[in-house]
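Visitor: Position chain A relative to chain W; hints supplied.
There are 2 protein chains.
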Amino acid sequence: MDIKITRAKQLKNKPDESNLGFGHYFTDHMFVMDYTVEQGWHNAQIVPYGPIPMDPASMVLHYAQETFEGLKAYRNHDQILIFRPEMNAKRMIASNERLCMAEVSEELFVEAVEAIVDYEKDWVPSAEGTSLYIRPFCFATEAGVGVHPARAYKFIIILSPVGAYYPEGVNPVKIFVEDEYVRAVVGGTGFAKCGGNYAASIAAQVKAEKMGYTQVLWLDGVHRKYVEEVGTMNAMFVIDDEIVTAPLEGSVLPGVTRDSCIQILKDWGYTISERHLDIDDLMEYAKNGRLKEAFGTGTAAVISPIGELSYKGNVQIINDFKTGELTCKLYDELTGIQWGTKADPYGWVKTVK
Amino acid sequence: MDIKITRAKQLKNKPDESNLGFGHYFTDHMFVMDYTVEQGWHNAQIVPYGPIPMDPASMVLHYAQETFEGLKAYRNHDQILIFRPEMNAKRMIASNERLCMAEVSEELFVEAVEAIVDYEKDWVPSAEGTSLYIRPFCFATEAGVGVHPARAYKFIIILSPVGAYYPEGVNPVKIFVEDEYVRAVVGGTGFAKCGGNYAASIAAQVKAEKMGYTQVLWLDGVHRKYVEEVGTMNAMFVIDDEIVTAPLEGSVLPGVTRDSCIQILKDWGYTISERHLDIDDLMEYAKNGRLKEAFGTGTAAVISPIGELSYKGNVQIINDFKTGELTCKLYDELTGIQWGTKADPYGWVKTVK
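For the record, the sequence lines run as chains W and A. The numbering of the first sequence is my numbering, which starts it at 44 and goes up by one. The numbering of the second sequence is my numbering, which starts it at 44 and goes up by one.
Please keep in mind that the hints were generated in silico from the structure rather than gathered at the bench. Small disclaimer: the values here were computed from a predicted structure and weren't measured. Misleading hints may appear alongside valid ones.
Identical chains blur together in the list; that is why a pair holds if it fits in one copy or across any two.
[As the list claims (entries may be wrong)] Straight-line distance between alpha carbons at most 27 Å, and here's what the computed DSS-like set of lysine-lysine pairs gives:
id, residue 1, residue 2
1, LYS268, LYS250
2, LYS372, LYS217
3, LYS253, LYS133
4, LYS133, LYS250
The shape of chain W in the complex, shown without the other chains:
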């Protein structure tokens, strides 16, 4: 891929690494590429981060033909590492297919991610627990108000130096089990990382926060009883000696961290089951102590212990609201691989040239 580079006339001051938050700062440059039916993907550029002129009839603003991804670059002294970018590329291909959008090939996706991260490598922070969040996204730019697959798209990558996703850090979060709103249903777009899923989720998130909870746990939209995923994470439950997570049947997002955790846990000899889990059973396991640990998995927060579940007024504390032993071990292993401080037997980590 031939990338035309336009350097920003003035570079920004880097933010204080001890107080980055999540997604508040953006780097000096972004990657931008255009698609038309006639030309395919073309016009790959690295340009100064800044406004994009959008026709008001751009279909993304009306019919939400938009998908995104999230991954991170980690600093290990002079090396910049990225984690399984091909998994994000594959998921974006699946998301775009579901929304009838132009495909960004795996090769193109990974090359673009590496190019912009390499160009902005000074922005990868070095303080403990910090990283450079990478946000590739794709959206319909064709102008028109008929409902049909757009004939023009943009693929953009922006970068944001980030600290911990939760202000709580790696401490247990309180989760509200949502029984009014539904995130996704089989036959819908639950497995796709598309804007509409997130727009639909905000009301439940706001409701949970008002009651003092950090995120919601979604139940399936048909039976309203099987555990699916947490707001921005997949969820795993250690029940007796079994680790349970929702299966990928179309309504759950196939998380890269989820997949990585499953592989690590299997290699450690754990029994991990991708199966339906009835919320009533889960609450009962939490009550009678069979639920040893629970945690969320996701790129933003990596591993996030769940310390409390609230469902229809039934509140259960998990593991005395302490981060569990396995949760800790998994967090250490995975972040160790990601930051390059532990061996990577899986070949997951890629060094950006």
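Guide: Frame of chain W, contents of chain A only:
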């Protein structure tokens, strides 16, 4: 509302009224207004139609916090008429509430619609069956990649002179009953006019078109058997002496044309039932002749006769693929009221000053 006006330096040539299509042309100006948590809605303007500069981290491009409306202005000689704009305003309030977006009040919505239509009144076409499609839409402009309700929005109105929505005109369309994809489920966003619903629907629409069908008929997402709505219309079925349409229980869009048809049909003495209709029963009624007529209702196509239903390989022709008597009568009545050629006992039509 104080609206600042900036006139376009050069006005466009008006398109040929006999070949407008739907949503291909936009007028010279648009209405734009901004919202911030601090200032509320402010900066109301009529400006030349043209690109809006958007931060690449604008939340609408990632999390699809976006809603829209559709209504029309009709020309009756020198008078410009609009149809029940307060219904669209109320629906946008409900849509924005579901997506945790800033509310555009009914008063503000209607005033803005009237102002831009009045300013662009030369664009309301006069050829038979043509009108000026009005597209108010609202979206999140805050820049950031955390998932939460945005703190900044734009509300924009663009206008497009249109002909018939379907190239077929008021002729029967072929409808494919979708049994793989799901549009909406109770607890989701089906009742809201938000981008995500449309993004999710495109795959089914593409599939139907490939098989020679004009649109899909959606089934409910839980039981996968109750008839909900057609791609861009609500659906009504004349079964014996009863007219049946899906009830508004959260997964169906509350159409303005649907509501208007229900009122007219009731006044004409028909029995109209908002109730669940099993697709197997419907196909049986179509087969044994109890299904007399079927039609879609929506702003874009007004009333659109359904001439064929295809469900799991079972193809049934309705009313010999001819537009039914009641369908015709309803179309004439409603378009008559809309264009001001028939009496409006409901007070639905508003003259733009």
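Visitor: Now tell me if each hint is right for this structure.
Guide: To see whether the hints hold, each was checked on the structure:
{"no.": "1", "hint": "LYS268 <-> LYS250", "verdict": "within (19 Å within a copy, 32 Å between copies)"}
{"no.": "2", "hint": "LYS372 <-> LYS217", "verdict": "within (21 Å within a copy, 58 Å between copies)"}
{"no.": "3", "hint": "LYS253 <-> LYS133", "verdict": "between (36 Å within a copy, 26 Å between copies)"}
{"no.": "4", "hint": "LYS133 <-> LYS250", "verdict": "between (33 Å within a copy, 23 Å between copies)"}
Violation of the numbered hints given earlier is absent; every hint is satisfied by the structure.
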